[in-house]
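> Throw the hints in and build the complete structure from the sequences for me.
Sequence order for the protein chains is A and B.
Just so we're aligned, residue 1 is where the first sequence starts under my numbering, counting upward by one.
Just so we're aligned, residue 1 is where the second sequence starts under my numbering, counting upward by one.
Quick caveat, the hints were computed from the structure, so don't treat them as lab data.
Just so we're clear, the structure is a prediction, and the values are computed from it rather than from any experiment.
Treat the hints with care, since some could be wrong.
[As the list claims (entries may be wrong)] Here are the computed distance ranges between Cβ atoms for each label pair:
no.	chain 1	residue 1	chain 2	residue 2	range
1	A	Arg81	B	Pro314	46 to 54 Å
2	B	Ala216	A	Lys234	23 to 31 Å
3	B	Asp294	A	Thr242	40 to 48 Å
4	B	Glu222	A	Gln183	19 to 27 Å
5	B	Ser167	A	Gly53	52 to 60 Å
6	B	Asn122	A	Lys107	31 to 39 Å
7	A	His12	B	Arg192	20 to 28 Å
8	A	Lys234	B	Lys321	29 to 37 Å
9	B	Ser167	A	Lys222	36 to 44 Å
10	A	Pro64	B	Ala323	50 to 58 Å
By construction, the Cβ of each residue, glycine as well, lies at the ideal position given by its N, Cα and C atoms.
What follows is the residue order along each chain.
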Amino acid sequence: MKIMVCLKQVPHQDARLDVRPDGAWIQEENVKFEINAYDTYALEEALRIKDAGEADVFVVSIGPDRVTQALRTALGMGADRAVHVKDPAADASDALGTAKILAAVAKAESPDVVLMGLMADDDNFAAVGPMLAELLGASHATAVMKVEGTDALTVEREIEGGALEVAELQKPCVLAVQTGMNQVRYASLKGIMAAKKKPIDVKTVEDLGLSGQVGAESVKVKVEKIYVPPKGDKADMVTGSTDEIVATLVTKIKELGVL
Amino acid sequence: MGSILLVAEVQKGRIRESSYELVTLARKLADTSGRDVASLVMGKGVGDLAKELSGKGGGSVSVVDHDLLENYTVDAYCAAARAAIDAVSPDLVLFSHTPIGWDIAPRLAAGLDVGFLSDCFNIEVEDGNLVFFRRVFNGKLDARLTSSSACVVATVQPGATPAFDGSAEGSVKALDVTLSADALRSKFVEIRTAAKTGVDLSKADVIVSGGRGVGAPEKFTEVIEPLADALGGAMGASRPVVDAGWLPHERQVGSSGQTVSPKLYIACGISGAIQHLVGMKSSNFIIAINKDADAPIFEVANLGVVADLFEVVPALTEAIKTAKG
Numbered sequence: 001m002k003i004m005v006c007l008k009q010v011p012h013q014d015a016r017l018d019v020r021p022d023g024a025w026i027q028e029e030n031v032k033f034e035i036n037a038y039d040t041y042a043l044e045e046a047l048r049i050k051d052a053g054e055a056d057v058f059v060v061s062i063g064p065d066r067v068t069q070a071l072r073t074a075l076g077m078g079a080d081r082a083v084h085v086k087d088p089a090a091d092a093s094d095a096l097g098t099a100k101i102l103a104a105v106a107k108a109e110s111p112d113v114v115l116m117g118l119m120a121d122d123d124n125f126a127a128v129g130p131m132l133a134e135l136l137g138a139s140h141a142t143a144v145m146k147v148e149g150t151d152a153l154t155v156e157r158e159i160e161g162g163a164l165e166v167a168e169l170q171k172p173c174v175l176a177v178q179t180g181m182n183q184v185r186y187a188s189l190k191g192i193m194a195a196k197k198k199p200i201d202v203k204t205v206e207d208l209g210l211s212g213q214v215g216a217e218s219v220k221v222k223v224e225k226i227y228v229p230p231k232g233d234k235a236d237m238v239t240g241s242t243d244e245i246v247a248t249l250v251t252k253i254k255e256l257g258v259l
Numbered sequence: 001m002g003s004i005l006l007v008a009e010v011q012k013g014r015i016r017e018s019s020y021e022l023v024t025l026a027r028k029l030a031d032t033s034g035r036d037v038a039s040l041v042m043g044k045g046v047g048d049l050a051k052e053l054s055g056k057g058g059g060s061v062s063v064v065d066h067d068l069l070e071n072y073t074v075d076a077y078c079a080a081a082r083a084a085i086d087a088v089s090p091d092l093v094l095f096s097h098t099p100i101g102w103d104i105a106p107r108l109a110a111g112l113d114v115g116f117l118s119d120c121f122n123i124e125v126e127d128g129n130l131v132f133f134r135r136v137f138n139g140k141l142d143a144r145l146t147s148s149s150a151c152v153v154a155t156v157q158p159g160a161t162p163a164f165d166g167s168a169e170g171s172v173k174a175l176d177v178t179l180s181a182d183a184l185r186s187k188f189v190e191i192r193t194a195a196k197t198g199v200d201l202s203k204a205d206v207i208v209s210g211g212r213g214v215g216a217p218e219k220f221t222e223v224i225e226p227l228a229d230a231l232g233g234a235m236g237a238s239r240p241v242v243d244a245g246w247l248p249h250e251r252q253v254g255s256s257g258q259t260v261s262p263k264l265y266i267a268c269g270i271s272g273a274i275q276h277l278v279g280m281k282s283s284n285f286i287i288a289i290n291k292d293a294d295a296p297i298f299e300v301a302n303l304g305v306v307a308d309l310f311e312v313v314p315a316l317t318e319a320i321k322t323a324k325g
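Listed below in structure tokens is the structure:
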């Protein structure tokens with residue numbers, strides 16, 4: 001089985017986010033990046049399929065030089081090879097542009113299964129998986145919590161209230177996975193050493209035959225600005241020493257009559 | 001001007017509340033921009049529901065009634081929605097951001113090669129143009145977006161708009177869609193409801209929940225649980241804690257866990273991702289303790305403490321024990 005795993009590198013969950021001067025996105029300078037948490041579960045699932053049988057697992061990411069770090073981490077965890085779409089003409093694509101880039105990579109590789117996270121922790125769009133499936137003429141499922149089978153795949157997807165919807169999917173398929181579907185491994189020292197010899201294939205937009213079709217100039221959706229949400233009925237903030245804070249909280253808790 | 005097509009969702013034999021929220025939003029946009037409102041109802045035996053929607057603000061309702069729409073599959077639902085889009089030619093298509101909406105809306109947008117916006121908490125008309133508002137970075141920032149495409153597909157956050165509860169005269173028209181079981185690339189198997197567990201957080205008067213900020217599984221036993229015990233309450237958790245395997249799913253508060261509204265909810269080290277907030281924001285009183293003053297949890301809390309939870313929570317536990325005598 002050939003498995004493509006799509007990874008996005010996003011600002012670290014605890015990174016301080018500052019809006020850049022043009023207001024349209026965050027300042028990326030001096031921000032620590034990490035692999036999107038949702039995508040780590042997708043990679044782990046691919047590696048588990050590989051551990052259980054035969055699979056060629058390759059990872060794909062789009063972005064500038066910093067993305068090499070994410071790909072090296074993925075190779076260290078056990079992916080066999082990587083494709084890095086590194087081209088300023090690919091950056092700032094919208095969800096559909098991103099899906100077109102990934103579709104071009106997938107068409108050249110013909111994977112049986114494409115795994116990725118349900119959404120990215122930066123733009124929270126949750127769109128690329130189903131879009132990619134449409135562009136490939138493949139089936140798809142989102143919020144996937146479990147994958148079983150080798151021919152047709154039985155997947156469990158998380159719906160509301162903790163319920164699960166079970167569906168059977170024909171291959172090829174795109175699975176956008178939910179967090180918590182597995183426990184993600186760390187790259188071992190041995191894995192990190194082995195990763196240094198694994199290939200990273202660098203591609204440009206032109207290599208993929210997408211010149212003029214993706215990137216900032218081709219977006220159908222434009223972020224005009226991002227901003228700190230207006231403060232609503234914000235909490236009354238309790239300040240002071242720990243003792244003072246605790247005294248205030250105890251008084252309030254007594255008032256509520258729950259003691 | 002064109003029209004707005006809202007795709008209603010049928011759940012357990014009823015039109016979902018979130019679909020009537022789309023009606024409110026669609027009517028607002030229609031009123032300010034001179035567009036028409038059209039709706040789609042799809043399912044099996046949903047003729048009466050289409051009629052209901054047409055009398056409650058859904059405008060011109062298309063109904064696709066088919067055996068293969070009894071249970072949800074991507075291909076059948078996409079085919080029915082695509083048929084309605086082709087028939088109505090809307091310039092805006094609205095879905096609720098639900099497991100069905102987020103599953104098919106982006107796929108349809110890609111098929112149409114048009115703009116897509118997900119999980120919008122509001123859409124406005126400004127100078128004749130549609131402007132979309134949504135949260136980014138897990139609620140830490142908001143974004144304002146526009147689209148250059150002639151038709152836009154968007155999903156809307158459930159609960160962001162009040163449901164329409166007025167009446168308005170509309171119409172119903174059946175739409176024929178050819179569907180064949182053989183052409184569907186996925187097959188519905190079953191819905192598995194959440195297993196009943198020993199922990200029913202919805203019955204607790206007090207819930208003390210911990211998030212990623214608690215840092216390690218043993219800290220829940222050492223710091224969070226003692227406060228819950230002192231208050232005679234239950235211990236809860238946010239999703240990242242359950243994802244990491246620190247606590248079982250039965251402790252999870254939020255859209256994919258339990259929805260709670262205790263007399264007192266204490267959130268410790270929880271930043272307040274939207275999916276957690278929807279599960280606890282209707283609590284009677286909320287205290288949030290977090291070291292990040294900008295955490296979204298403070299937007300829903302009544303009392304906020306910006307501090308190290310490892311200092312405040314154990315001290316609070318001792319003080320509660322003393323107060324109880």
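> Does the beta carbon distance between Ser167 of chain B and Lys222 of chain A stay inside 36 to 44 Å, or does it fall outside?
38 Å, holds
> Please test the hint of 19 to 27 Å on the beta carbon pair from Glu222 of chain B and Gln183 of chain A.
Since the Cβ atoms of Glu222 of chain B and Gln183 of chain A sit about 22 Å apart, the hinted range of 19 to 27 Å holds.
> The hint says 52 to 60 Å between Ser167 of chain B and Gly53 of chain A; measuring C-beta to C-beta, is that right?
Taking Cβ atoms as reference, Ser167 of chain B and Gly53 of chain A lie about 59 Å apart, which means the hint holds.
> Can you tell me whether the CB distance of Pro64 of chain A to Ala323 of chain B sits inside 50 to 58 Å?
56 Å, holds
> Is the gap between the beta carbons of Lys234 of chain A and Lys321 of chain B within 29 to 37 Å?
Hint holds: Cβ distance 31 Å, inside 29 to 37 Å.
> Between Asp294 of chain B and Thr242 of chain A, is the Cβ distance one that fits in 40 to 48 Å?
Check failed, 22 Å falls outside 40 to 48 Å.
> How does the Cβ-Cβ distance of Ala216 of chain B and Lys234 of chain A compare with 23 to 31 Å: does it lie in that range?
30 Å Cβ-Cβ, so the 23 to 31 Å window holds.
> Could you check the hint for me, namely that Arg81 of chain A and Pro314 of chain B are 46 to 54 Å apart, CB to CB?
Holds, since Arg81 of chain A and Pro314 of chain B (Cβ atoms, about 50 Å apart) stay within the stated range.
> Please check whether His12 of chain A and Arg192 of chain B have a Cβ separation lying inside 20 to 28 Å.
35 Å, violated
> With respect to the beta-carbon atoms only, verify the hint that Asn122 of chain B and Lys107 of chain A lie 31 to 39 Å apart.
38 Å, holds
Figure legend: structure checked against the earlier numbered hints; hints not met, in rising order: 3, 7.
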